[in-house]
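Trainee: If you want the building blocks of each chain, they are given just below.
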Amino acid sequence: MLDKLKEIEKAALESLAVVSDQSALDAWRVANVGRSSPLMQVFAGLGKLSKEEKPVVGAAANQVKIVLEAALEEKSQAVKNAMLAKSLAEEKLDVTLPGREVNIGRLHPSTQQLRRVLSILAEMGFQVYTSREVESDEMNFQMLNFAPHHPAREMQDSFYIDVDPSAGSGSREDNPILMRTHTSPGQIRAMREASANNPQNPPPIRIALPGMCYRYEQITARSEIQFNQVEGLAVGEGITFADLKGTLTDFARRMFGHDARVRFRASYFPFTEPSAEVDVECFVCGGKGCQVCKNSGWLEILGSGMVHPNVLQNGGYDPKRYTGFAFGMGTERQLMLRNKITDIRYFWGNDVRFLDQF
Amino acid sequence: MKLPISWLKDFIDLDDWTVEDIARKLTLAGLEVDEILYAGLDMPTYKEGEKHEFKTNGIAWNKEKIVVAEIREVKAHPNADKLTLLDLFDGLQEQVVLTGAPNIFHLKGTGRLEKPIKVAYAKEGAVIYDGHADGLVLTTLKRAKIRGVDSYSMVCSEKELGITDESDGIIILDDDAPVGMPLADYIGDAVLDISILPNMARNANVIGIARELAALTGHKLKQPRIEFETSGRSVEDLVSIEITNSELNPRFVVGLIRNIQIKPSPYQVQRRLKLAGIRAINNIVDATNYAMIELGEPLHAFDYDVLKERAGEKKIKIITRTAKEGEKLMTLDGVERKLTSMNVLVCDEKGSLSLAGVMGGSESEVYDASREVLDAKGIEIKSGEIQQGKITARGNSTVNVLLEGAAWNFINIRRTAKQHNLPSEASFRFSRGVHPALAETGVRRGLQYMAAWANGTIAPGLVDEYPLKPKDSVVGVTSKDVKRLLGIDLTLEQIAGLLSRLEFKCEITNNQLQVTAPPHRMDIDEGVVGLADVLEEVARSFGFENIPTTTMADALPPQIGNPIYEWEERLRDLLVAIGLQEVVTYRMTSPEREARISANENHVRIANPIAPERSVLRRSLLTSVLEVAEKNAKAESIAMFEVGSVFEPVKNDLPNEPRKLAIVLTGARIGSAWDVKNPPAFDFFDMKGRVGLLLAGLRFADIVYAEAGGTSHLHPGKSAEVKVNGEVVGVFGELHPLAKEKFEFGDSPVIVAEFDLEKLRTLKPSFGIKPVSEFPPMYEDIAVIVDESVAASAIEALIRQTGGKTVTNVRLFDVYRDEKIGTGKKSLAYSLTYQAEKTLTDAEAAAIRNKIVKRLENTVGAKLRG
Ligand SMILES: [Zn+2]
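Protein chains in written order, with our numbering: chain B, 1 to 358; chain D, 1 to 866.
This is chain B alone, in the form it adopts within the complex:
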């Protein structure tokens, strides 16, 4: 009997050795450890054995069972591994096929740039102030110290709005309506709002004025009829030109990199005095000279200056007590410099092939 068990074990292990897939493995299981397998029949026949034989054969049969089951388990794992390896090999992709994209939305590049500028200014305490796009000559020019026929007006050719002639005999002749040429009328509006509540002691002001401005130009690669501007205005007691330099140097470094060199160059704007252009070292060529900076190594990025006494006065702030500074920049111009965009018409052209790149 024990010999028979040995044979059963030997035959079973031999047949298992050639099993290589799941179905052969299942068949082997039925044939060798299944209910009607020779081994199980040995177990079934135990009752017929003598008292002495029974425990010996029983133990031996159990031993065979353990061996076969262990072999089965091992084989089963091997078959599984082989199958997995096979299927992995079959599932190989062409990883160079295009990925599946999602239709995502994007902000217009101008909005993105406005946000960049405004978030830096916000951290410096400049809160957003918005105002209307169609303005009176009074707010756009006169209150900002542009006298009628002042040469500086030629710097800003304007779009004028038709006033209904039936509305009265030229009642707006001295104060025509126009498309704002800069966001600066908002400076007057903001100062007046702030000073109206407390004319004796108007509060300090620190605002950022973003928005669309308009100039009478032909639309070409280099000039547009509308553009976004962000201005800043700080008014208080004890604000100096040195503060202007410090604040705008900080701003320029946040905007253009911490090692950006900045210079202040005297300039002229009717609503500030002294006035300064702020140049940053060309970030395209590092100041070595290139097309973008016209070989000067510098890029003009901000106009600035101490708020003119007349403008403070017009806003309800006593220029003997208050001082302040203002600055302004064009966001599309910044984008053009940064991204080497040579045609300004891209911005309002809104070709998705342009917009997709931001």
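Because the hints were derived from the structure by calculation, they are not lab data. Think of the CB as a built atom: it goes at the ideal place given N, C-alpha and C, for glycine as much as any other residue. There could be a bad hint or two in this list.
[Stated by the list, open to error] PhoX-like, lysine-lysine: derived pairs with alpha carbons at most 25 Å apart:
id, chain 1, residue 1, chain 2, residue 2
1, D, Lys145, B, Lys320
2, B, Lys294, D, Lys25
3, B, Lys294, D, Lys47
4, D, Lys25, D, Lys328
5, D, Lys677, B, Lys92
6, D, Lys838, B, Lys294
7, D, Lys505, B, Lys294
8, B, Lys340, D, Lys315
9, D, Lys505, B, Lys288
10, D, Lys770, D, Lys838
11, D, Lys480, B, Lys320
12, D, Lys82, D, Lys2
13, B, Lys288, D, Lys825
[Claimed, not checked] Coverage of chain D stretches by chain B, computed from C-beta distances (three or more under 8 Å per stretch; other residues unrestricted):
id, region
14, 66–76
15, 126–135
16, 411–423
17, 548–554
18, 683–691
Given chain B, work out where chain D with the ligand should sit, using these hints.
Mentor: Just chain D with the ligand, lined up with the frame of chain B:
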């Protein structure tokens, strides 16, 4: 303005300064140098990777290879009629040089010249511009044989040396040019092209720039020496002046110079004028221009004999007055100008002579020098001929010139020049303000130059009518003022030091500096504005670069934020999050463009539109976005929005600028790809889903969609209006086929939405979130058959109502129609979610379900399906 450095150095010693140093100083002080043009002086050479500072052009003249030489004889060329051979001495040796220059051709074969001609001589190996090439092409002189004669050097034209683009004749230098001297040492120059800001008009002249540099560098300004001898009868005996409006004409000065020989100016003068962008004409014209460029005072030369003839027996009387409305004047350009009462005329007793400060008149045959200069651009001048103005046409060998220098109201000149479209060197300066003090200096300088260059004799005296003397502004400045505005500590002495370099008079009294503006400044006010004007000059002289950088120390203003702006930015973020591309479009459009979808006819109109298609401000934001979508129609999928203002006219006042949102979807819902063929097109429900997400994102809960009535640009069956909190805030739907036809779109439907942001922004959002239960939800499907007329929203509402708060979600997952259900019927299948604060049993769920079914049966006649 274009400023030759050599001219600048007449008035300030800058020998230790390079051209770049000068340009840098000026640029930082507000006189921005746009470009440096080299005409002879050494140019900086930038190595690869080295920092540039200015846009630089031009040419440096090699000192060994380009020198002053003299032509001793002009001989015929053996094989060429048009060429000559020059016997030339270059300081070291005699040379034979070949040239085709026409302006010495007349000397061919005249033998040894009595007076040698001084020329600019370039030897073999010299780098110059090619005189025959188009544009500026550098070339190196090489040995060559021209018509059998060796040629290895040449006499140069102005183009070849980069002075002007004149290549027809050679440069003929002044007689005293030192033979053998390197040309660069003799007339080497560099020209700064400087942008003059409106408040810096006083510096649009050589002395002005020199004065600025003196202030910036601490070097001394060398004032021009204006001294000359006079003889003959005094001009005061011969001419009188009457000014009728001193506001418009504060000062009028004339001087007289007799027996002028008209001829070319010295070459040095011509060269400087040309480098400054002014054409050289003759000694009279050049003298007026030279004095103007140098001092800033435009001068006007009258032919004295003509005026005398017009006056007859009487003394010449110059009258300045405003024109009569409709009065006519033929200006020198031959145009008859119809004048208005605003225009100022210079007249004599016979009639008008010129349009003051702008242009001379032709009728009176008065020689107008300033006009000649401008006109010269159009005059064909043959090289070598003596260039003469109109004056010699009268056949006189010498002339007598009455020279005018005047002061005019700058606004009046500006308006007049604009009215008649007559920009000129004179009106450019007068319209920016020229101080009356310069009238006298200018006339004297002009007379001095005419005497020097034309052998004239100056009559004693000047006629000087000066009815309105401007007051020189006086401003008090303290150290505290300087600290308060500029943030720097300066003593009164230091402040005085900075200002006196700009010729301000400074006097210290009682801890205050009394500052008086110099008599060439018209831009310094008094009072609080005057203080700012003076402090600006302190800052510029001190140097912006020397002012420290500090952080604002004043109180931070109250933080109030900007809720409207912040809300709109959040709206933009939500729109982007639902897959929409933002666009920003022009505010200017035309009524015709908008009429395609909008019935609004009343627009804000532009008085001076750049084009008919941009004649009004938009009233329909959707039109703008549709136009962008149309332009992008080739893109497979378009999903875009704009947030912006539209403009509603208000009679005789500023328009309203309400904010709007417009969305356009068209084309493929998802992009086609290698595994996605023929993707479905956007339709109504794509827009509806996005609108829902947007409103949910804005935290609105009470949202109702209903059929849109009376929106003519939308498909009547595929459009809806949106109510939030019971208020209509927008409409959306498919563009009406007739509206779509007016654009160039493809086959896909175009889905649009428009929202009124003023309304939407002011509606109350509903904050707070529903708790998320820890107990397991149960899911169950219900399909009911109802009449077509029953709205899906009604069934959902009934389910939610009946189910109460246990039914937390109702999702329509199928709409089905077929014959088995019956015509006029539809099957709607819903997936319900049951959720309670405990684990629901099947029986509890079934009870709710039965209640819902019963309710649907009773209320809308629904039948449970399957
Ligand atoms: Zn660069």
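Trainee: It remains to establish, for every hint, whether it holds in the given structure.
Mentor: Status of the hints after comparison with the structure:
1. D:Lys145 / B:Lys320: violated, 79 Å
2. B:Lys294 / D:Lys25: holds, 19 Å
3. B:Lys294 / D:Lys47: Holds. B:Lys294 to D:Lys47 sits at ~17 Å (cutoff 25 Å).
4. D:Lys25 / D:Lys328: Violated, because 48 Å separates the two Cα atoms, which is more than 25 Å.
5. D:Lys677 / B:Lys92: Holds - the C-alpha atoms of B:Lys92 and D:Lys677 are around 23 Å apart, at most 25 Å.
6. D:Lys838 / B:Lys294: violated, 74 Å
7. D:Lys505 / B:Lys294: Roughly 41 Å between the alpha carbons, so the hint for D:Lys505 and B:Lys294 is violated.
8. B:Lys340 / D:Lys315: violated, 69 Å
9. D:Lys505 / B:Lys288: Cα-Cα ~43 Å, so violated.
10. D:Lys770 / D:Lys838: holds, 16 Å
11. D:Lys480 / B:Lys320: holds, 12 Å
12. D:Lys82 / D:Lys2: Violated - the C-alpha atoms of D:Lys2 and D:Lys82 are around 37 Å apart, more than 25 Å.
13. B:Lys288 / D:Lys825: violated, 77 Å
14. 66–76: violated (count 0)
15. 126–135: violated (count 0)
16. 411–423: holds (count 3)
17. 548–554: With 7 residues closer than 8 Å to chain B, the region 548–554 of chain D meets the three-residue bar; holds.
18. 683–691: With 0 residues closer than 8 Å to chain B, the region 683–691 of chain D misses the three-residue bar; violated.
Checked against the numbered hints above, the structure violates hints 1, 4, 6, 7, 8, 9, 12, 13, 14, 15 and 18; every other hint is satisfied.
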